[in-house]
Amino acid sequence: MKCQKCQKQATFHITDLTGDDLLALHLCPDCAKQYLKTEDSPQEVPTMSGLLSQQLKPLEQAAEDLRELDSKECPICGISFFEFRQAGRLGCPHDYVFFGSELEPLLINVHGDNQHIGKQPKRGVRDTESQTELIRLRRQMKEVVEQEDYEKATELRDKIRKIEGEGQSGD
Amino acid sequence: MTLDEMAGRCGEWLKGCGPESDIVMSSRIRLARNLADYPFIRRCTDIDRANIESTVRERLNKDERLADLTFINVADLEVLDRQFLVERQLISREHANSDGARAVAIDQQERLSLMVNEEDHLRIQVMKSGLDLASAWDQINELDDRIESRLTYAFHPKLGYLTACPTNVGTGMRVSVLVHLPALVITQQIEKVFRSLQKINLVVRGLYGEGTQAMGDFYQVSNQITLGKSEQDLIEQVGDVIPVVIDYERKARDFLVNEKQNDLFDQVSRAYGTLQNAQQISSEETMFLLSRVRMGINLGLIGNLEIPEINQLFIHTQPAHLQKISRTELTTDQRNIERANYLHDQLKLDSGTDAEKN
Numbered sequence: 006m007k008c009q010k011c012q013k014q015a016t017f018h019i020t021d022l023t024g025d026d027l028l029a030l031h032l033c034p035d036c037a038k039q040y041l042k043t044e045d046s047p048q049e050v051p052t053m054s055g056l057l058s059q060q061l062k063p064l065e066q067a068a069e070d071l072r073e074l075d076s077k078e079c080p081i082c083g084i085s086f087f088e089f090r091q092a093g094r095l096g097c098p099h100d101y102v103f104f105g106s107e108l109e110p111l112l113i114n115v116h117g118d119n120q121h122i123g124k125q126p127k128r129g130v131r132d133t134e135s136q137t138e139l140i141r142l143r144r145q146m147k148e149v150v151e152q153e154d155y156e157k158a159t160e161l162r163d164k165i166r167k168i169e170g171e172g173q174s175g176d
Numbered sequence: 053m054t055l056d057e058m059a060g061r062c063g064e065w066l067k068g069c070g071p072e073s074d075i076v077m078s079s080r081i082r083l084a085r086n087l088a089d090y091p092f093i094r095r096c097t098d099i100d101r102a103n104i105e106s107t108v109r110e111r112l113n114k115d116e117r118l119a120d121l122t123f124i125n126v127a128d129l130e131v132l133d134r135q136f137l138v139e140r141q142l143i144s145r146e147h148a149n150s151d152g153a154r155a156v157a158i159d160q161q162e163r164l165s166l167m168v169n170e171e172d173h174l175r176i177q178v179m180k181s182g183l184d185l186a187s188a189w190d191q192i193n194e195l196d197d198r199i200e201s202r203l204t205y206a207f208h209p210k211l212g213y214l215t216a217c218p219t220n221v222g223t224g225m226r227v228s229v230l231v232h233l234p235a236l237v238i239t240q241q242i243e244k245v246f247r248s249l250q251k252i253n254l255v256v257r258g259l260y261g262e263g264t265q266a267m268g269d270f271y272q273v274s275n276q277i278t279l280g281k282s283e284q285d286l287i288e289q290v291g292d293v294i295p296v297v298i299d300y301e302r303k304a305r306d307f308l309v310n311e312k313q314n315d316l317f318d319q320v321s322r323a324y325g326t327l328q329n330a331q332q333i334s335s336e337e338t339m340f341l342l343s344r345v346r347m348g349i350n351l352g353l354i355g356n357l358e359i360p361e362i363n364q365l366f367i368h369t370q371p372a373h374l375q376k377i378s379r380t381e382l383t384t385d386q387r388n389i390e391r392a393n394y395l396h397d398q399l400k401l402d403s404g405t406d407a408e409k410n
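Chains as they are written, first to last, in my numbering: chain A, 6 to 176; chain B, 53 to 410.
Keep in mind that a hint or two might mislead.
Below, computed lysine-lysine pairings styled on BS3-like, alpha-carbon distance capped at 27 Å [claimed, not checked]:
1. 312(B) - 10(A)
2. 244(B) - 38(A)
3. 244(B) - 10(A)
4. 7(A) - 38(A)
5. 127(A) - 210(B)
6. 77(A) - 210(B)
7. 251(B) - 7(A)
These aren't lab readings, by the way, just hints derived from the structure by calculation.
Please build the complete structure, drawing on both the sequences and the hints.
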C-alpha cells in the first residue's frame, strides 16, 4: 500500500478517533510522524535546572546577590550553590540543612510539600551530626595527605576511627 | 550464578503471570537511599566510592537472607555485559555508562536488584510480573528494613530520606508499572492518555526509563512526587490509575476487533510472517512487529504462541542478548542477520510440536 500523502510505502495505519467521524489513514513513517506531531505534544517534565532558573529569576536583576549565593559553599562537602545549580545534584546530606532556605521553595515547586510523612528508619534517627562530621574529616584527611602532613593525618585518622567505632557499637 | 547462565533464561518479571498480565508487563518499586557518613556520589572521591561498595557488600553478607544475593562488580564488566544487565532492567543505563567503583546485587530469580553507587549510594528495586504493587511493596519494605538494620541511612526528620537530587527526597520511592498499549497507539489515542496522566502528576517513559523512546508500544507509568505523601499513597496514586489505562486499551482493542477487523488481522499476520521469514531485521523493527504479535496472541488471533515466549523475545532479540546467546561479538549488520535467524528458529519451533520444542 502506498502512503496517502506521498508515494512511499505505507507502514503506519492510523485510525483517528478524535473528530466526529472515524478517519483511516495509511502513511509512510515520515508522513505519520508529521501527522502525529500536529497533535500538541505532551508537556515536558520540568527539569531541575529549569525550575531553579525560574526560581532565581528575580535574583538575576541583582547580579550581585546571585553571585554571592552562587559562591556559598557547604562546609562539609565543599559543594558551591553554583555547582548544585549547574548539576542539579547535591554534594552531601548536610546540603539539605546548609542550603535549606534556598531549597525550600524548590521542594514546594517540585513536590507541592516540604514535610515527609512516610516511612522512617526503624532504629530511630541516629546522631546525624557525627555522621556528617565523618564526611568532613575524611575530606580533610585527603587534603592533609596530599600536603604530606602525616602528623595531622594520624590525628584525623584517630578521630575518624573513634566516630566509626561509636557508629558500629550501635549495631 | 554467571551472566552466561542468565542469558538463556529470563527474569521472573517476564513470566507473563500475575493480574492483568495481557496488558501489564511488570510492576516495579525502587527506593533511593544514601549512607549518612559519605558525601553523595557527585562529591565522592574514588576512595569514598570504593569504601561505600565494600561496606555495603560486607554488611549485606552478614545478613543470612541478603548473603544469597549475587554481587556483580559492574566497573569490571565488559561493555557488552553491562549492556546485557541494562536490557534485563537490572541496572540503569547511567549505572552502566558511569565511571568508578560500582556494583549490583541481584537474586537468582531477578526479582530484586540493588545498585550500589548509581545516582544515589543505593538504588533498591523489586520487580513483579503483572499488576502487583502490593506485594512488590511488602518485599521492598522488608528488604529496606534489613539493609537499614546494618547501615545508617541519611535521613532528616522533616525531609525524610535524603537523596542526591531533590526530586527524589522524602520517600525516595518510584512506583512504576510497565504497560503494553499497542491499540491505543494504533488508534492514536496514546497522547491523550499521557496528557491526562501528566495532569495528575504521573510520568510516562519508554521501556528503559528516562529519555528513552517507547519501544514496542511499552510505556512506564510512574509517580513524579516523592515528598509529602506516604508510600501507601504513592502506590495508590499509580495503582488506581492503571486499571483506567487498561480499560482504555481494552476498549481500543475491542474497537479494532469490531470495526477494523480486516486491517487488524492483516497487520498481526504480516507482523508474524515478517518475524518468521525476515533474512535481516533491526532491533526497532523487531520490537514494533513483536508488539503487534503480542496483541494478536492476547486477542486470540495467533494460537500457537504464548505470552511468556513473546515477552522473552522482546529481551532476547536486543543487541547484547543476541551476542551473549550466540556467544560472539557482532556488528550491527551481523546482528540484524543473527536476529532474523534467531527469530526464525524460535518462531518455527513454536509452530511445531511440544516434543520438538524441548
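Hints versus structure:
no.	hint	verdict
1	312(B) - 10(A)	21 Å, holds
2	244(B) - 38(A)	16 Å, holds
3	244(B) - 10(A)	24 Å, holds
4	7(A) - 38(A)	16 Å, holds
5	127(A) - 210(B)	16 Å, holds
6	77(A) - 210(B)	23 Å, holds
7	251(B) - 7(A)	38 Å, violated
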